[in-house]
Every structure is written in structure tokens, then in C-alpha cells.
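Top line first, the protein sequences correspond to chains A and B.
When the count follows the working numbering, it moves up by one through the first sequence with no breaks and lands on 423 for the last residue.
When the count follows the working numbering, it moves up by one through the second sequence with no breaks and lands on 278 for the last residue.
These aren't lab readings, by the way, just hints derived from the structure by calculation.
It is possible that part of the hints are untrue.
[Said to hold, decoys possible] In silico contact screen, one side only, chain A against chain B (beta carbon under 8 Å); selected entries: (1) Pro-35; (2) Gln-61; (3) Ala-63; (4) Tyr-69; (5) Val-244; (6) Tyr-258; (7) Met-293; (8) Ile-312.
We put the beta carbon where it would ideally sit given N, CA and C, even for glycine.
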Amino acid sequence: MGAMWLCAATASAAEAYDFPFTDPFKATVFGTPEAYKADLPALEDINRKVYGIDLFPEQDAPEVFWYHEEFQYSVVYQEKPAPLVFSIAGTGGKFDGGKMTALERAFYKAGYNVISITSPTHANFIVAASEMKIPGYLEKDAAEIYSVMQKTLAHAQGELGDKLQVTDYYLTGYSLGGAHSAFVSKLDEEQKVFNFKKVFIVNPPVSLYNSVIKLDGYVESVGTEGVKNTIDSIFARLGENVSHAERVELSDEFLYSMFVKAGVNDAELAQLIGLAFRISSTDMIFAIDVMQNWGALTYKNHTISKYESISHSFARGSQIGFLTYFERAMIPIFSEKEPGLDRAEMIDRLSLTSLAGYLMSSEKIAVVTNSDDIILTSPDLAFITKTFGDRAKIFPHGGHCGNMDEKVWVDHMLAFFAADN
Amino acid sequence: MMTFKQFRNVSLAALALLLGACSATPELEADAIEPVLPLPENRADNGISNNNDPWEGFNRRAYYFNAKADEYVILPVVNGYQWITPELVQDGVTNFFSNLGEITTFMNSVLQLKGERAMTTAFRFATNTTIGLLGVWDPATKMGVYKEREDFGQTLGHWGVNSGPYLVIPLLGPSSARDGFGTLVDTLVYNAVISELGMKEEEELALALLRAIDTRKNIPFRYYGSGSAFEYEMIRFLYFRAREIAVQR
Numbered sequence: 003m004g005a006m007w008l009c010a011a012t013a014s015a016a017e018a019y020d021f022p023f024t025d026p027f028k029a030t031v032f033g034t035p036e037a038y039k040a041d042l043p044a045l046e047d048i049n050r051k052v053y054g055i056d057l058f059p060e061q062d063a064p065e066v067f068w069y070h071e072e073f074q075y076s077v078v079y080q081e082k083p084a085p086l087v088f089s090i091a092g093t094g095g096k097f098d099g100g101k102m103t104a105l106e107r108a109f110y111k112a113g114y115n116v117i118s119i120t121s122p123t124h125a126n127f128i129v130a131a132s133e134m135k136i137p138g139y140l141e142k143d144a145a146e147i148y149s150v151m152q153k154t155l156a157h158a159q160g161e162l163g164d165k166l167q168v169t170d171y172y173l174t175g176y177s178l179g180g181a182h183s184a185f186v187s188k189l190d191e192e193q194k195v196f197n198f199k200k201v202f203i204v205n206p207p208v209s210l211y212n213s214v215i216k217l218d219g220y221v222e223s224v225g226t227e228g229v230k231n232t233i234d235s236i237f238a239r240l241g242e243n244v245s246h247a248e249r250v251e252l253s254d255e256f257l258y259s260m261f262v263k264a265g266v267n268d269a270e271l272a273q274l275i276g277l278a279f280r281i282s283s284t285d286m287i288f289a290i291d292v293m294q295n296w297g298a299l300t301y302k303n304h305t306i307s308k309y310e311s312i313s314h315s316f317a318r319g320s321q322i323g324f325l326t327y328f329e330r331a332m333i334p335i336f337s338e339k340e341p342g343l344d345r346a347e348m349i350d351r352l353s354l355t356s357l358a359g360y361l362m363s364s365e366k367i368a369v370v371t372n373s374d375d376i377i378l379t380s381p382d383l384a385f386i387t388k389t390f391g392d393r394a395k396i397f398p399h400g401g402h403c404g405n406m407d408e409k410v411w412v413d414h415m416l417a418f419f420a421a422d423n
Numbered sequence: 030m031m032t033f034k035q036f037r038n039v040s041l042a043a044l045a046l047l048l049g050a051c052s053a054t055p056e057l058e059a060d061a062i063e064p065v066l067p068l069p070e071n072r073a074d075n076g077i078s079n080n081n082d083p084w085e086g087f088n089r090r091a092y093y094f095n096a097k098a099d100e101y102v103i104l105p106v107v108n109g110y111q112w113i114t115p116e117l118v119q120d121g122v123t124n125f126f127s128n129l130g131e132i133t134t135f136m137n138s139v140l141q142l143k144g145e146r147a148m149t150t151a152f153r154f155a156t157n158t159t160i161g162l163l164g165v166w167d168p169a170t171k172m173g174v175y176k177e178r179e180d181f182g183q184t185l186g187h188w189g190v191n192s193g194p195y196l197v198i199p200l201l202g203p204s205s206a207r208d209g210f211g212t213l214v215d216t217l218v219y220n221a222v223i224s225e226l227g228m229k230e231e232e233e234l235a236l237a238l239l240r241a242i243d244t245r246k247n248i249p250f251r252y253y254g255s256g257s258a259f260e261y262e263m264i265r266f267l268y269f270r271a272r273e274i275a276v277q278r
């Protein structure tokens, strides 16, 4: 009986990684298909609350951002003493994005409390939580995230009382949020507010600059007009296929099958990824522009009414990407604050290589990525393997964050948090 | 006595005034400065930043109004309904109204001369109304006869009528001049059919209310939910694209 139990346990532990897309662009865009997903409770079926806190009560949000008066976050709670995971979203990501809620469901099932934090690059963070209001400088972002974590935790405890009892703290984040986690963990070593027990970094950029060049490149290589043509062409083919489909449903599977029939190729998928990143950057730059009164894509010295058309700002802003923001805003602003800080030094600071010593020696930190992650170069991958050693788990396929709800992937994440050392 | 033509002209003029009166152009302060980044030349006219939206001032106000109506009235009612109603019953209600919706789909399939679609829709309605107990169950789908959706906006589109300007309808949400008119026609037809059932006035009202709650319940969209400043632009873009595809089918 005991032997049988053991056999069953090893068999399930050895379940093979099963992810259907060997093409990283497809993996990134489509994510994990339903049949390959870990079996997780539905979001409606877990203990979860969404709250807003007014972190700057002495000032009002600008009228155009009337809906960002409060900083929003979600908390998942076990109603008994349990460890808590802080989870940080990727570029432009909000606490309630699909990847964030998938993590919440996985952690809830495994017995953790969770607080989900919106990325510092999202307008809600910029408007309602950031003092600096110029995100991207990872170390400085980390300080703001760290402060927000403390405030959300205190707020959630105030709201939930006994329902949220925390034993230990864990940390995770995906994509840019993964890089943020590394910097937050480093800060926590000094300030020791949480004393994170484990830190799990998911698909991080090794060099933010290199990753941005890749993502922006997907748009720059064809120009915004080229992307527009690609979108038009994809919609035309989708329309053609939908009109011949036997059955039309608004499900992921249906949309995916339409994409497959439309024969959307890698170059086009790359442009879609580039477009999504460009839209996130434009959102971010708009929010910063409004808060700082730079007058880059909005009128300087002008209060935008909540009924005013800002389509012109989108048209202006979508012409530039994150890279332009880095070159024309971040470098001049931060080098003025810190004489001697040059471009090369800045690029280095926005990368995990600047934390190499810490990451190499800190046993509590693990990283997971894919050998075909589109935001990584091969030297980036080599850095991850060398720095994290056996604390790096590199899946063969999954693209950028495409496999985050695959069964074996989720098991791996939970096993790392559950392990004693 | 006003003739129909006069009445129509006055109504249209009033509507145009209402839609056009609200401005979306910035009211600039004296010291405001033009943005540094230039406005790109020759913007495509069906993109995210530029679309057929001459009534943008009205539309953005309706968008905001809808968000507030959702927040203070509609969503609390929907949540209350979901709280007190067993899921099985909710699904039955959804199926029931979906079945009644086959009537306008049938009419519009006929108007587009889509014979096969009219037949399958009629089959679904007959099957679900009888075996499916007034549409509460959907045995037709299990028989492999799938639901189609045709509305009067699609019918107009099918016969070559352009979508016309974007229109955010108070309480109903994103639409266009053509599709808004289509919604009006479909509603009149639907109401005419309902009134044939010989219900009391308060029963009709209760039914209409339940239908509204069920409709909102089944739409996961939340105004300003993305937190993006350009959500309005994104929705406008996607609305036009989705309707193009719906008309094409």
C-alpha cells in the first residue's frame, strides 16, 4: 500500500512538461490552451477582495484620471494563519490581469494569501501611488513598490481582520515585475520589513534595455503604418473565416481556431506583440506626461477635461516607444539628479547583471524562464544559467510568459515555495 | 398639425443639435502650449486614434454616464440578482431571453435573404420553445443546430448601408448611427411580439427589467476597467471591427 502510494507520488511528480506551441511567438500571444492548463479554482470561487486606497489624500487626481483617485489592489485570503505572496505585474499590467489572477488562483489553492500589485508602469500606479512619477528605473521603482506593499498589507489587514493572518512572506513577479522582484528582494535584505522567505522570478528581462529594443523593434521594423496594415489584413482574414465558420462563439478556443485558420504568421504575431507593448508604453507615457506637465503628447499647462478627446495624444504618443522615453526622458532626468551617471551606466543599472553578486549568493531566489523567451538574447540566457545555477528552471518552450498556467509549470512554482530550504 | 415629414425633420434636427452640441475639443488655457510631439500626417481613418466619431463630445459624456449608471444602479442590481438567484435559474433566464431573441434573428435573416439561417433559427425557436420548455433549455444546440445572431443593423449593413458615425447610447453602450437605428427597430419588433402574449402592463415591465438585468449580467465589460486613458479609443476601434465581421457573416 505504502509502496503504491510512493509510486503514484513519483509518477505524478514526474509528469512531463506538456506545452503545445514550439513557436515562441504563438506561445507568447496565445498562452496555454485550456487542455494544458493546471486545474485551478475559478476566480469567483476563491476568497478575494478588490480594494482602493487614497494614498495621496491631500491632492486630487487630474480630471482626465478621475478613475485613478485611489490605488487599487486585490487580496486573496485564507481565513486562517497562512503565508502571504506579494505578486508584481509586468509592463503595463494591472493587479487583475489574466496572469495575475491565474497566480492568485494557484496560490489560493496551495494555501497562500496573496496581494497583487499593479506594475509601476501602469497609469493607476503612476497617478495614485508614485511620488517619483517616472517609472523604469528599477531600483527606484522597487522602493515605491516596497512602500506600496506595506500600505496595501496594512489596509487589507484593517479591512479583513482575522480573515487575513500572515505567517511568512513570499515574493513573485513576471516579466518586468520579475526584474522588480529581484530589486525589491535586495531592498528587503536591508530594510527587513518582510524578510521574504522565497522569491520566485518569472520570465524577467535580464537587461531591460535589450528587451525593450527587441519589443520596440517589432514595431519599428515596419513602422506604425506597417503595423496598421498588418492589423487590417489580420482582421480581414479573421472576418473571412468567421463568415464561414460552422459555429460562432466568443470563447478563447474559437478565437484561437480563427487565428489558426487565418494563417497569422510569425512576423505578424511579432507585430501584435510589439503593438501591445507600444500601447502599454503610450499609456504609460501619457500618464507621466499628464502628471509631470511635460507637454510631450498633451498640451502643456492645460487641464484635460474628462469629456475631452485625447485621441490626438494617442496618435502622437504611439509614434514613439519605450526606447524614446528612455533616451529622451529617463537619461537626461536621472543624470541631472546624479552628475556622472552616463548612458552606459544607466543601461547597466536597469538590468539583473547589476545585482549579479546578490542573485548568485542568495539561495532563496529562483528564476523560471524559457529557452525561447523572445525578450532574451543568448548572452542573457547564459547569464541566468550562470548566476542562478540550479535555482534556474529553463523550460524548452513557452515564449514570453506563455506557459504560466501549464500544469508542470504551476507545480514547479508551488514546489519551490513549499520546499524547506 | 405637423405632418410626419415635418415631425421627422424637427426630430432629426433636435437629435443633431444634441449630438453635435457637446464639444470634445480641448478648451485651451491662454498659456497652453502645443504638444512637442507632432500629430502624424495622413492618419488612417479607421485606426485607433482616428475613427468616424463626429459626435465624440456626446459620446464621451454618454460613456461617462454609463459608467456611473453601472456603478450606482445597474451593477448593484445585477449583483443582487446574482446573489439571490441560483445559477441554474440564471442560466434558464439567459436561455429564455436568448430564445425570444431568435425572433429578431429570424426576421433579419429573412430580410437578408439568408434562407438557411432563417430555417435553422426557426427550427431552434420551435424546438427550444416546445421541448426546451419555453426556451429555458437549449436542446437545439445539443442537436448541433447552433445559434446565429442577426440584428437590423447587420441587415442594413448587408444591403450596403455604412455604419455611420460612432454612437455611445446612454445605458446601452457602444453603437453606431446605423446600429443604433437597428437596435430601435429590433426593439419595436420584439415589443410588438411581446404585446401579443397578452400580459398585464406590470408583467411586461417586470419581464423587460429581467431582460435588461440578464443582458448586463452576460457582458463582462466594465467602463474604465482597463485603467487605460485610451480605453475609449480602443473600444471604438474594436466596435467597428467586430461589427464589420458580424455584417460579413
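Exercise. Which hints, by number, does the structure contradict?
Worked result: 1, 2, 3, 6, 7
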